[in-house]
Amino acid sequence: MAVPLSQMFTVASYVILQKLKQVPRYPLVLMLEPIFRCNLACAGCGKIQYPDHVLDRRLTPEQCWAAADECGAPIISIPGGEPLIHPEMPEIVRGLVRRKKYVYLCTNALLLERKIDDYAPSKYLTFSIHMDGLREEHDLAVCRDGVFDAALRAIRIALRKGFRVTTNTTLFNDADPVRVRAFFDEMMELGVEGMMVSPGYSYDKAPDQQGFLTRHRTQQLFARVLTDRKRRWRFNQSPLFLEFLMGKREYQCTPWGNPTYNIFGWQKPCYLLQDGYAGSFQALLDETDWERYGVGRNDKCKDCMVHCGYEASAVEDTFGSWAGFVGTVRATLFPNAT
Amino acid sequence: MSQDAADHATADHASAHSLQGTVVRPRSEEERLRVMEWAFDYRGDVTLELAGSESVCGYVCNRVAAGAESCLELLLPGRPGLLKVFCRDIQSVRFTGEDTASGRSWEAWMRKKREEKESGGASSAPRRP
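The listed protein sequences derive, respectively, from chains A and B. In terms of the numbering used here, the first sequence opens at residue 1 and continues consecutively. In terms of the numbering used here, the second sequence opens at residue 1 and continues consecutively.
Chain A with its partners taken away, still in its complex shape (with noise of 0.2 Å):
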């Protein structure tokens, strides 16, 4: 099982009692960024394009836990930039888990090998390796060589130490399925919890702008890459959203279900989109004006099929029918039913 009973419950629970209190626009996942400085510059990251004292900022413990605080979601994903340069993240993380969130720490793993004592495993903590595919697709992807080899290195130690540790994947228009296949029994066979896959999104800052996929390429690449799926491959997220992926299923985004807070504030709309700050998570839900954006209401939304905008589509159809939870159940024991 790619996730634990526990975590399930959790945000089973959790979901359950939005939809009980008739809350229209609840958060899942929080994406708390506190350091936009990273080791690595990939080719399709559009998020560490910042003038040095910008880049040196970074949000303090306390200003993490009040995020957390705020925004009541009941897991927290903190990508980058790179966080395991953030000198006190160490103590953001301990704060996170004694609030008992699902905390995902989103690392290139460059760096954990060294700082991997400053953790301790817990239910609450997972390490989610980046790993864009085998050595040569990844260390082509972070413009780096090396890199998949570091990240090899490291995930074995996370995982001889009792961690949880899981893979984020992002997929481009170059992407061979028949190596992503490859890539993903090799991180089976290493032992990782389960597995992140997503399409890349089209950052208009990224150094690359050629190798973003379009809405059909995306289904077209996930149908060829998930279809008569293996029985080992597990997956960390829904797997509705798998199916969404590869153009089984319909949703419009949910951009307020992965709100994302950084050292400029509460980012408008989403994770990717950047059209200004609020002050605190109530006025970002009420400032911003959200018909403006998905598929169909904004050319920058048109063919975005991230994973921080429709993880959020899929668990809300999940518990928002009997037919989305029956779906569910089947897309779980069954995933090659058509």
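Note that these hints are calculated values from the structure, not bench results. Predicted model only: the values in this text are computed from it and were never measured. Heads up, a few of these hints could be off.
As the list claims (entries may be wrong) - A few chain A residues facing chain B, derived, Cβ under 10 Å: (1) N39; (2) A41; (3) D52; (4) R57; (5) C143; (6) D208; (7) G265; (8) G276.
Quick reminder that beta carbons are idealized off the backbone N, C-alpha and C, glycines included.
Since the structure of chain A is provided, determine the placement of chain B on it from the hints.
What follows is chain B alone, placed relative to chain A:
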């Protein structure tokens, strides 16, 4: 567009080229709002020349469109917190800092990979354009 040129950049120009080095002096409210967007979108520091010959240089991290109260929020090097500047006070916007989203690092990486391939190096050929 040179830094010396007091220019009125078009939307097409802004989307097609880096604004680094450009100076824009908005002549109308419409231009002022457009330039405000560019300054917000720019991934480098800008220098704002304000009424009374004052100027500030920093990173524009937010813009608030609120009619006469519209403002930019800046992070200034070496100073905590945000500086709020009302748009009505802005005389010119100079895109003075390096455009960190210019894509040069990517071009350098791809050049390296091409050279490795041409010299029969160990690394694989780049497959993305």
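Hint check:
1. N39: This hint is violated: A/N39 lies away from chain B, its Cβ roughly 13 Å from the closest one there, beyond 10 Å.
2. A41: holds, 5 Å
3. D52: At 8 Å from the nearest chain B Cβ, A/D52 passes the 10 Å test, so the hint holds.
4. R57: Since chain B brings a Cβ to about 7 Å from A/R57, closer than 10 Å, the hint holds.
5. C143: holds, 4 Å
6. D208: Holds, about 5 Å.
7. G265: holds, 7 Å
8. G276: Since chain B brings a Cβ to about 6 Å from A/G276, closer than 10 Å, the hint holds.
Taken one by one, the earlier hints fail for this structure only at number 1.
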